[in-house]
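Quick note, the sequences are listed as chains A and B, same order.
This note's numbering puts the first residue of the first sequence at 1, with every later residue one more than the last.
This note's numbering puts the first residue of the second sequence at 1, with every later residue one more than the last.
Bear in mind the hints are in silico, worked out from the structure with no lab data behind them.
Backbone N, C-alpha and C fix where the C-beta goes; we use that ideal spot for every residue, glycine too.
Heads up, a few of these hints could be off.
Calculated from the model, a selection of chain B residues having no Cβ within reach of chain A, i.e. all distances over 12 Å [what the hints assert, rightly or not]: (1) 22; (2) 43; (3) 44; (4) 51; (5) 56; (6) 64; (7) 70; (8) 72; (9) 101; (10) 104; (11) 105; (12) 110; (13) 116.
Computed list of lysine-lysine pairs in DSSO-like fashion (alpha-carbon distance at most 27 Å, straight line) [as the list claims (entries may be wrong)]: (14) B/11 x A/42; (15) B/15 x A/98; (16) B/44 x A/42; (17) B/78 x A/98; (18) A/59 x B/15; (19) A/57 x A/94; (20) A/57 x B/44; (21) A/69 x A/57; (22) A/98 x A/58; (23) A/69 x B/15; (24) B/44 x A/98; (25) A/94 x B/62; (26) B/78 x A/42; (27) B/83 x A/94; (28) A/42 x A/59; (29) B/15 x B/44; (30) B/62 x B/83; (31) B/44 x B/62; (32) A/78 x A/98; (33) A/69 x A/42; (34) A/59 x A/69; (35) A/57 x A/42; (36) A/69 x A/94; (37) A/58 x A/69.
The residues making up each chain are set out below.
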Amino acid sequence: ILNVEQSPQSLHVQEGDSTNFTCSFPSSNFYALHWYRWETAKSPEALFVMTLNGDEKKKGRISATLNTKEGYSYLYIKGSQPEDSATYLCAFLKDDYKLSFGAGTTVTVRA
Amino acid sequence: EAGVAQSPRYKIIEKRQSVAFWCNPISGHATLYWYQQILGQGPKLLIQFQNNGVVDDSQLPKDRFSAERLKGVDSTLKIQPAKLEDSAVYLCASSLNGVAQSSPLHFGNGTRLTVT
Chain A
1 ILNVEQSPQS LHVQEGDSTN FTCSFPSSNF YALHWYRWET AKSPEALFVM TLNGDEKKKG
61 RISATLNTKE GYSYLYIKGS QPEDSATYLC AFLKDDYKLS FGAGTTVTVR A
Chain B
1 EAGVAQSPRY KIIEKRQSVA FWCNPISGHA TLYWYQQILG QGPKLLIQFQ NNGVVDDSQL
61 PKDRFSAERL KGVDSTLKIQ PAKLEDSAVY LCASSLNGVA QSSPLHFGNG TRLTVT
């Protein structure tokens with residue numbers, strides 16, 4: 001992997017269901033991984049900054065894991081609610097301190 | 001704390017015209033970033049300031065884009081002349097210590113630019 005890739009590009013989930021999606025990044029020269037949530041008509045909001053292999057972080061019903069050796073991070077949403085509808089961006093920070101963003105996963109929660 | 005302020009929220013101009021965006025970061029944040037997000041793509045860094053000095057402007061199209069951060073606080077980004085491919089959301093962000101110290105970015109609401 002040369003760049004940051006997020007999959008899927010979009011997903012629809014029923015209210016109350018759980019879901020997860022992936023951020024893939026180059027496994028070399030890793031420094032940190034950022035996750036942001038961007039709701040329509042609002043500003044992107046930082047969710048997590050992860051730096052250590054095996055890191056797990058949680059914020060309410062949202063959690064993230066990090067595998068720096070294989071170059072991926074998962075974001076999980078437990079019991080999705082309509083307010084979770086947003087685009088979730090990950091960004092990979094290399095050891096040259098340049099932050100590269102993925103194109104995002106757009107989550108739509110159906111009531 | 002007050003968030004990152006950006007203006008305007010929307011701007012529509014014709015190609016070859018000029019446009020300027022303004023950003024006021026969170027008080028005390030030394031690092032300021034301008035990102036360009038084209039529909040369907042991730043945000044791309046245009047320029048990064050540390051106080052009033054430029055840290056990285058390697059992806060700024062300098063023949064038409066310029067940015068300044070006088071006095072190390074607020075910043076303006078200018079496009080002159082605009083092209084159709086400049087249609088995008090322009091995001092300003094600030095961070096307390098810079099991403100190298102694992103500080104997250106704090107974003108403004110962005111300016112949606114449409115060039116016709």
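Evaluated hints:
{"no.": "1", "hint": "22", "verdict": "holds, 15 Å"}
{"no.": "2", "hint": "43", "verdict": "violated, 5 Å"}
{"no.": "3", "hint": "44", "verdict": "violated, 7 Å"}
{"no.": "4", "hint": "51", "verdict": "holds, 16 Å"}
{"no.": "5", "hint": "56", "verdict": "violated, 7 Å"}
{"no.": "6", "hint": "64", "verdict": "holds, 22 Å"}
{"no.": "7", "hint": "70", "verdict": "holds, 23 Å"}
{"no.": "8", "hint": "72", "verdict": "holds, 19 Å"}
{"no.": "9", "hint": "101", "verdict": "violated, 10 Å"}
{"no.": "10", "hint": "104", "verdict": "violated, 3 Å"}
{"no.": "11", "hint": "105", "verdict": "violated, 6 Å"}
{"no.": "12", "hint": "110", "verdict": "violated, 7 Å"}
{"no.": "13", "hint": "116", "verdict": "holds, 22 Å"}
{"no.": "14", "hint": "B/11 x A/42", "verdict": "holds, 17 Å"}
{"no.": "15", "hint": "B/15 x A/98", "verdict": "violated, 31 Å"}
{"no.": "16", "hint": "B/44 x A/42", "verdict": "holds, 18 Å"}
{"no.": "17", "hint": "B/78 x A/98", "verdict": "holds, 23 Å"}
{"no.": "18", "hint": "A/59 x B/15", "verdict": "violated, 44 Å"}
{"no.": "19", "hint": "A/57 x A/94", "verdict": "holds, 20 Å"}
{"no.": "20", "hint": "A/57 x B/44", "verdict": "holds, 26 Å"}
{"no.": "21", "hint": "A/69 x A/57", "verdict": "holds, 18 Å"}
{"no.": "22", "hint": "A/98 x A/58", "verdict": "holds, 25 Å"}
{"no.": "23", "hint": "A/69 x B/15", "verdict": "violated, 46 Å"}
{"no.": "24", "hint": "B/44 x A/98", "verdict": "holds, 11 Å"}
{"no.": "25", "hint": "A/94 x B/62", "verdict": "holds, 25 Å"}
{"no.": "26", "hint": "B/78 x A/42", "verdict": "holds, 23 Å"}
{"no.": "27", "hint": "B/83 x A/94", "verdict": "violated, 31 Å"}
{"no.": "28", "hint": "A/42 x A/59", "verdict": "holds, 19 Å"}
{"no.": "29", "hint": "B/15 x B/44", "verdict": "holds, 21 Å"}
{"no.": "30", "hint": "B/62 x B/83", "verdict": "holds, 13 Å"}
{"no.": "31", "hint": "B/44 x B/62", "verdict": "holds, 15 Å"}
{"no.": "32", "hint": "A/78 x A/98", "verdict": "violated, 31 Å"}
{"no.": "33", "hint": "A/69 x A/42", "verdict": "violated, 34 Å"}
{"no.": "34", "hint": "A/59 x A/69", "verdict": "holds, 24 Å"}
{"no.": "35", "hint": "A/57 x A/42", "verdict": "holds, 23 Å"}
{"no.": "36", "hint": "A/69 x A/94", "verdict": "holds, 14 Å"}
{"no.": "37", "hint": "A/58 x A/69", "verdict": "holds, 21 Å"}
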